[in-house]
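Take the two lone chains, each set in its own frame, and fit them into one complex as the hints suggest.
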Amino acid sequence: MTNVTGLNIVRFVLLLLIQVVICNHINFLGYINPYIYIIFIFLFPIREERLLLLFVSFLLGLMVDLFSDSGGVHAAAAVFLAYARPILLKNSFGMLYEHQSIKFNSTELGSLISYVTLGTILHHFVLFSLEIFNISNIILILKKTLFSSIFTIILSVLLIILFSRNRK
Amino acid sequence: MQQIFNFVIRNKTFLLFLLLFSTGLALTIQSHSYHKSKFINSANVLTGGVYGTMNSVDQYFHLNTENDILAEENRRLREQLLNLSTNKDTTFIDSSYAKSKYRVTTAEVYKNSYASVNNYLTLNKGTNDGIAQDFGVITSNGIVGIIDNTSKNYATTLSILNKKSRINAKLKASNHIGSLTWDGVSPEFVQLDDVSQFANIKVGDTILTGGESSIFPKGIGIGTIASFDTDISGDTYTIQVKLFNDMTSIGKVYILENLDREEIRSLENKIND
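Chains as they are written, first to last, in the working numbering: chain A, 1 to 168; chain B, 1 to 273.
Next up, chain B with everything else stripped away, as it sits in the complex (with noise of 0.2 Å):
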């Protein structure tokens, strides 16, 4: 006993380090698997506390590009909008039926990060405005990411950016469906996986979310087709995808809830029992 005492006080130095050193491991590890990274996050009030502040100084240098961006997608939900009552006569809603599927909140990215492997962003709305995990981020040009953890008034977003993520995405064109990873090397670059060798692929065509997922709605932009080349097992594509948002300036994001999401998790559930 003696000697396990003297051990520890003479080792006392070393042992602090190997615990310390193995719990930043341990987290690091953590954090590694998908929704895990429960304990060290950026939502919460100190963390977002000071992004808050910077942010606020911070905005009045972009007001301008956020005027061209608002701009921007006002044409186009005008354009959409006139060119929907042109031929409203041929279509006929059933007001019982037409409930809304998503409910739409808006919200401000008080830190982006690309530079890393593993990126997030935290935005200033939290648990008290109704958001939770898995809801989907985007903006007006395209997706972000995925809410992962909330506090009462901030969450982190998944960024795209970020090996764990993983988004259901399928061609304009044809319908084909593939799975939306990120290799870590460029921002501007997301990898398209899993396409089948019968898609009809060409260079510029649009990509977009597929809607599998109860987290995107079907047909939000993702990007274009930069480049493509055949799998290593030759059945099926890898395809860089040149992104519409340029992830390393965001500043306005919306946030979608789907509100048919339990429904969906229940049927898919049972589909799994």
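Bound-form chain A, shown alone (with noise of 0.2 Å):
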């Protein structure tokens, strides 16, 4: 428990770290950033009680705020995720979000990957639809959300194959 715990904690701080130092400054062609920090969100432990993930979320997504001066769009847009998660979760993996028993070290490449890139594309739209506020600026909002996604789906697949230890 406590182990699990701690590596939440340290995942937390430095996907933090990451994300503002590094992935902020990244401006691909511009204006594409990915956002990794809610790979904390994709691997925290199933089976820990809801409102904790909520909350935990929120806190991550104001850090991000706080750094990037954003008002809180990553706040509301890290929530909105954290609250969607169990959907994408049976949606994904089916009988095996069922039965409580994911393990993300050990998942299938599919799976895992059609999981990823569900709830990347869903919280980049709520954050770009906050950060730009304007419906008429929705072909904006979109393109953004599209080459944002790209960016994010990648390194986080990469990220989490790379940091999963026993995968074969």
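Keep in mind that the hints are not guaranteed to be accurate.
From chain B, some residues computed to sit far from chain A (all C-beta separations above 10 Å) [claimed, not checked]:
| hint | residue |
| --- | --- |
| 1 | I4 |
| 2 | R10 |
| 3 | I69 |
| 4 | I264 |
Restraint ranges, calculated between C-beta atoms of paired labels, are given here [as the list claims (entries may be wrong)]:
| hint | chain 1 | residue 1 | chain 2 | residue 2 | range |
| --- | --- | --- | --- | --- | --- |
| 5 | A | K143 | B | V45 | 55 to 65 Å |
| 6 | A | I161 | B | E66 | 39 to 49 Å |
| 7 | A | F55 | B | E72 | 44 to 54 Å |
None of these hints come from the bench; they were simulated from the model. Ideal Cβ placement from N, Cα and C applies to all residues, glycine included.
Below, the structure is given as structure tokens:
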């Protein structure tokens, strides 16, 4: 238990630092940044209380907002993703989720990618809608969502695979 | 009563989600109004410390370009100085009136952003150095933005690349004024709105600050006209301005404090009353 808690605290701090120090300043092609801090929400232990996940996600988003002067857009988007997570899990892992026996270290790659993809697109759409906050700029919102999502999905999947210990 | 409690307990996840999501939403909406992003901003010890550490590593990679910028600025200032002394005998400065109007503080940019639609910079000077809200921020090339929030050692700057930013500007050639805004598309271009149709506009003309506000002095460079077209209403121009500053790479800035600001403010308030 303490092992898992410690791991998650370390993950929280590390992802936050990587996000604000490196990923917020990539600006690929002028405006494309990956938002890899959501890996924390993806990999949060399934069996933990959902309320805790909501709280921690909000905190994580708020910290990113603090660093990037963006009001509360990351906080809102992160909470949204955290709330939607069970639906995504059910969608991508099916029976495994029902039995509460998903191990992110050793799941099928296909399920993992579909889980990360759905979650990322959802998060980014909420994020950019709130950031741009103007429905007449829907094209800009969709464009940013699409390109940033591609970047985030690739990085997230690679990072998850890289840091899972016992994948064959 | 029992039913209410039951309802809360049954839907506790959803209610907490609603609470947190609307908090995020409220903070977002608040940050969209001018000078209201009080709580969530990067002018604090934590973010300043992290960005400071990062900057101390990062700045070594830009030493050459910084040197070039400084050398270029020195050349320009020296040129001005030499030209000033040649016609010195024709001007006369009454020293009883010639009091300095602006106090200049140098600062380092700890964080710069330009990919969002509402961009901010974080600087390493704060209230301890006499910095306060609504001071102007410029580089040797042109304007950067306006100080928004300050803490003891750090300040955030509302970049001109921000939808909230509105700066008074004028055409150098004809003194026609307009207001400078940003449409959120390219960090190289800003828009000058509400320029009268009587203005004689040519592509390549220079745009300067207007000096109508107490934030920037008159005649600080902004950019050149890249293109222009007539507004929908038909009586004003909207001009695309190519910035002098490369907003994507800003290292050192100057913060300008107008020492007559209070005086100008109180006068303007009298008019409004």
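Name the hints, by number, that the structure is in violation of. 5
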